[in-house]
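Visitor: Residues per chain are reported as follows:
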Amino acid sequence: MAQLKKILAGTFAVMMTAAVFAGCGDSSSSKSDTSKSGDSAAAATSEGGEGGGDSVGDYKPAKAERITQTAEGSEDSKNTIKICTWNDEFKSRLRNFYPNYDAEKSGFKINAEGKEEVGETEYLKNGKKIVWVTTANENNAYQNKLDEDLKAQAGSDDKIDMFLIEADYALKYVNGPYVKPVKELGITDDDIKDQYKYTQEVVTDANGDLEGVTWQATPGLFAYRADIAKEVLGTDDPAEVQKSLANWDEFNKTAAKMKEKGYFMLSGYDDSYRTFSNNVSKAWVNANLEVTVDDNLMKWVDQTKEYSEKGYNNGTSLWDDQWKADQGTKGKVFGFFYSTWGINFTLVEQAEDHAGKKDGLYGQYRVCEGPQAYFWGGTWICAADGTDNEEDVKDIMKYMACDKDTLLKITKDTQDYTNNQPAMEELAKDFKSEFLGGQNHIALFVAAAPKIDCSKLGPYDQACNESFQKAFKDYFLGKVSKDEALKNFYTYVKEKHSELKVPS
Amino acid sequence: MRRKSISYAKWGYIFTAPFFIAFFVFNLIPLVSTMYNSFFENYLVLGTTQVGPNWVGLKNYSDLFAGADLGKFFLNTLILQMLGFIPQIFFSLLFASWFTDLRLKLKTGAYKIIFYMPNVIMAAAMGMLFFTLFSQSGPINSVYQSITGAESPYMFFDHVWTTRGIISLINFLMWYGNTTIMLMAAINGIDPSLYESAQIDGANPTQTFWKITIPLIRPILVYVLITSLIGGLQMFDVPQIVTNGGDALDRSSMTIVMYLNKHLYSKNYGMAGALSVLLFIVAGILSMLIFMLNRDSTATKKKKRKGGKK
Numbered sequence: 001m002a003q004l005k006k007i008l009a010g011t012f013a014v015m016m017t018a019a020v021f022a023g024c025g026d027s028s029s030s031k032s033d034t035s036k037s038g039d040s041a042a043a044a045t046s047e048g049g050e051g052g053g054d055s056v057g058d059y060k061p062a063k064a065e066r067i068t069q070t071a072e073g074s075e076d077s078k079n080t081i082k083i084c085t086w087n088d089e090f091k092s093r094l095r096n097f098y099p100n101y102d103a104e105k106s107g108f109k110i111n112a113e114g115k116e117e118v119g120e121t122e123y124l125k126n127g128k129k130i131v132w133v134t135t136a137n138e139n140n141a142y143q144n145k146l147d148e149d150l151k152a153q154a155g156s157d158d159k160i161d162m163f164l165i166e167a168d169y170a171l172k173y174v175n176g177p178y179v180k181p182v183k184e185l186g187i188t189d190d191d192i193k194d195q196y197k198y199t200q201e202v203v204t205d206a207n208g209d210l211e212g213v214t215w216q217a218t219p220g221l222f223a224y225r226a227d228i229a230k231e232v233l234g235t236d237d238p239a240e241v242q243k244s245l246a247n248w249d250e251f252n253k254t255a256a257k258m259k260e261k262g263y264f265m266l267s268g269y270d271d272s273y274r275t276f277s278n279n280v281s282k283a284w285v286n287a288n289l290e291v292t293v294d295d296n297l298m299k300w301v302d303q304t305k306e307y308s309e310k311g312y313n314n315g316t317s318l319w320d321d322q323w324k325a326d327q328g329t330k331g332k333v334f335g336f337f338y339s340t341w342g343i344n345f346t347l348v349e350q351a352e353d354h355a356g357k358k359d360g361l362y363g364q365y366r367v368c369e370g371p372q373a374y375f376w377g378g379t380w381i382c383a384a385d386g387t388d389n390e391e392d393v394k395d396i397m398k399y400m401a402c403d404k405d406t407l408l409k410i411t412k413d414t415q416d417y418t419n420n421q422p423a424m425e426e427l428a429k430d431f432k433s434e435f436l437g438g439q440n441h442i443a444l445f446v447a448a449a450p451k452i453d454c455s456k457l458g459p460y461d462q463a464c465n466e467s468f469q470k471a472f473k474d475y476f477l478g479k480v481s482k483d484e485a486l487k488n489f490y491t492y493v494k495e496k497h498s499e500l501k502v503p504s
Numbered sequence: 505m506r507r508k509s510i511s512y513a514k515w516g517y518i519f520t521a522p523f524f525i526a527f528f529v530f531n532l533i534p535l536v537s538t539m540y541n542s543f544f545e546n547y548l549v550l551g552t553t554q555v556g557p558n559w560v561g562l563k564n565y566s567d568l569f570a571g572a573d574l575g576k577f578f579l580n581t582l583i584l585q586m587l588g589f590i591p592q593i594f595f596s597l598l599f600a601s602w603f604t605d606l607r608l609k610l611k612t613g614a615y616k617i618i619f620y621m622p623n624v625i626m627a628a629a630m631g632m633l634f635f636t637l638f639s640q641s642g643p644i645n646s647v648y649q650s651i652t653g654a655e656s657p658y659m660f661f662d663h664v665w666t667t668r669g670i671i672s673l674i675n676f677l678m679w680y681g682n683t684t685i686m687l688m689a690a691i692n693g694i695d696p697s698l699y700e701s702a703q704i705d706g707a708n709p710t711q712t713f714w715k716i717t718i719p720l721i722r723p724i725l726v727y728v729l730i731t732s733l734i735g736g737l738q739m740f741d742v743p744q745i746v747t748n749g750g751d752a753l754d755r756s757s758m759t760i761v762m763y764l765n766k767h768l769y770s771k772n773y774g775m776a777g778a779l780s781v782l783l784f785i786v787a788g789i790l791s792m793l794i795f796m797l798n799r800d801s802t803a804t805k806k807k808k809r810k811g812g813k814k
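These protein sequences, in sequence, are chains S and A. For what it's worth, my numbering labels the leading residue of the first sequence as 1, then goes sequentially. For what it's worth, my numbering labels the leading residue of the second sequence as 505, then goes sequentially.
Among the hints, a few may not be true.
List time: in silico EDC-like cross-link candidates among lysine to aspartate or glutamate, alpha-carbon distance up to 16 Å [stated by the list, open to error]:
| no. | chain 1 | residue 1 | chain 2 | residue 2 |
| --- | --- | --- | --- | --- |
| 1 | S | K501 | A | D567 |
| 2 | S | K479 | A | D754 |
| 3 | A | K715 | A | D695 |
| 4 | S | K259 | A | E655 |
| 5 | S | K193 | S | E425 |
| 6 | S | K479 | A | D662 |
| 7 | S | K470 | A | D754 |
Because the hints were derived from the structure by calculation, they are not lab data. The structure presented is a predicted model; accordingly, all values stated were derived computationally and were not measured.
Construct all of the structure, not just a fragment, from the sequences and the given hints.
Guide: So this is what it looks like as C-alpha cells:
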C-alpha cells in the first residue's frame, strides 16, 4: 500500500509539473478548432499559381472569394471609424490634412517639442469617433494581428473600417477575402487618373480590381551629409557627388575614401538592401511555391560582407538605436538609402538634436540618385469589407489620395512625395527643401518615380526580406559561413510559412 | 470493530477536489488535445486560409528532428539555465548563511526586501532594461569607452557568450533573492543547539556550514533545484527580448520555448503541438528523476530514524 501511495504521489507530481507546460500547447489546440471551416478555400489559393505548367514563373496568388457579412455593426460601430495601422505616419497625415478632421474637438495640437498631441478621443467634423488600432510592423506582428481581426469581421458588430498595408505584403491583402474594392466605394477612374501607375499596380488584385489607394509614391534616393561630402570628395554639389556614386564600382571607391578619412560609407548591413532587392530578375517565391534567392541578392551579400570586413559600415541593423544615432550629429556615416517617407518622416526626426527645432544636422543633408533606382515601402489605404462607414471611408480616400490640392499641400508642408504625377511635375519646377539645404529633391523624385518596377512583388516578401537580412547578419559578423546563412534563411522562412518549399 | 473507526479520508478528497477539477479542465484536457493535434498537419496560409487539419501521423515529429537543430535549442536552454543557476545557488547560500549566522547577528529585514526586488519587476521589462544598458550606444558602452579609450563600442549582442552572459545575469539577478529567502527559512529551521554544541567542540564556521547546514537543508536544496529546472526549461521572455526573437548569432541563445513560439506565432499548430509533446516528455523525465532522488533520500532517512528508535 505504501508503495502504491508513493507511485500515485509520484505520478501526480509529474502531472503537476507537466501542467505547468500545458499552457504552451493550450492556445494551439483551442484555436485550431475555430478555423477548420476555411479548409476548402485554402487549397484554392495555395494551388492557384500552379497552373503555369512547365515554365515556372513567379507566384501570383489568385483572388479569394469575399466573405458574406453575417452581423451588422452596432450603433457604436456605425459612429466609429476604426483604422488599423502600424505607425503614426497616416495618423499625422489625417490629422493635418483631412478637412473633415475635427482638430478642435480632438484636442489636436503641436506641443513645445514639436510633437503632435491629441486628446483622449479623436473626432471627425460629423461627430464620428476615430479609433486607431496600432500594432508594430516587425516580424509579421501587424499582419498576424490584422489577420485575426479581419477574420472576425464578418460576425462582429464592431467593424473595422479601414486598414493600411505596405508593399511587402500588399498582394496578400489585395487578393485576400477581407478587402472592399475601391470601385464599390464609388471612387471613379477619373478620381485616380493622375496617380502613379505603379501605386495602382501594387494593389490591383488577380481579377484586375483596384483594392486600395495611397497618397504617396516612394522612389528611393541616397541621402548624404554635405559636410562629409565636402571634406572627403571636395564638393557637396549633388550632381558632382552623384558622379562618385553613379554605379557600384564608383560607390565602392568612394566608400574606401570615406574609410581613409575616418567615416563610414553606410551605417549598417541592411542599408543598401532595397537597392538590390528591387532590382531582382525573379520574385522570392515561384509558381511552385518554392523559395528562390535571386543572384542580385547574393551580390548584396558579397558587397556587404566586403564592407563589413573593410570597416566601411558601422555594423548596425535597420531601425536599431545606433542606426538612428548615426543619422544625428554624433554620426560618422556618409549617407543612407532612403525613399521619400524616409527623408521627410524618419531622417528629419533623427537629424535634429531637438525635434522640431531645426537644429543639429537640419539643412546638412543632400540627396542624389545613387547607384541604382529602387523604391522602398509605401503605405496603401484599404477599405475593410463590411465597413459600416462607407461614406467616410470613401471621403478619406478621396481627399487623402486623390485630391490634387490636398496632395500638393502635403508635399509643400511635409516634403513627402505625393501620388499625383502632374502636380509633382508642376511642383518640381521650383521647389526648395529647407531640410535639404534648399535642394529641389522633388525634381529627383519626379525623375525616379516612373522607373519603379513593382512586378516582382509577392505576398511573402516581408517574411523573406526580414529573414534574409537576419540570417546573413551572422555571416557578416563572421559567425557562420555563407552556406550556413543561406540554410538558416530557408529555415526561418519555412517556419513562418510552412506551405513554402525550400531546398533541404 | 471496523465500523467504529471513523474515516477522515473523505474530507481529504473533498478538500483536494477543486484542484483536481481545475487541473482536469484547464490542464489535462488541453494537454491531451495538444497531443492529439500534434498528429495533424494544420496551419494557416497567408493568414487567411486554413490547411488541414489532415492526419499525418508522426510526420511533424520527423520534421522536428530532421529540420531544425532541436538538440541545439535544448543545449542552449541548459547552458543559459546553468550559467544563471550556478552563481545563483552560490550567492544564495553565502547570503543565507551570513544572515542566519548567530555570531554575526545581522539585521536582515531590509536586505531581504532589496534582494527580492528584482523579482518583482516583469521579466520582459528586465530584458528591455538590460538590452538598453548593453546596447551599442548604451551607458555600459560609454563607461567602457571612457575607461579603455576604445574608439568603437563593444557589441555585446554580436557575440555569443556575452549575449548568453547577459541573459544569465538577468536570470541570476531575478532569482537569487527568492532562493536566498527560501534557504534562510531552511537554515532557520535547524536547531540552534546543534551549532552551539559544534562551536563548543571547536568547529569553525566552515565546518559547521559543510557538516551541519548543508546536510540539513538538503530537501530544500533539492526543491530549489526542481523549481529552477522547471523555470529554466520554460525560459522564454528574457532571451526573447534580449535577442529580439532569438535568430541572431545562428540562434545560439534560442531556448526551446522560443522555438515553440516560432511555430505558434506562424499558426503552425501541428508542429507546435509536436514540440509541446516533446517538451512534456523531457519535463516528465526530469521531474521523475528528481522525484526518485528525493524519495531515496527520505527513504534512507526513515530507515535510519527507525534504527535509532530501536
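Visitor: Does each hint hold? Answer for all of them.
Guide: Cross-check of the supplied hints:
no., hint, in the structure
1, S:K501 / A:D567, "13 Å, holds"
2, S:K479 / A:D754, "7 Å, holds"
3, A:K715 / A:D695, "14 Å, holds"
4, S:K259 / A:E655, "14 Å, holds"
5, S:K193 / S:E425, "15 Å, holds"
6, S:K479 / A:D662, "9 Å, holds"
7, S:K470 / A:D754, "9 Å, holds"
The structure fails none of the hints (numbered hints given earlier).
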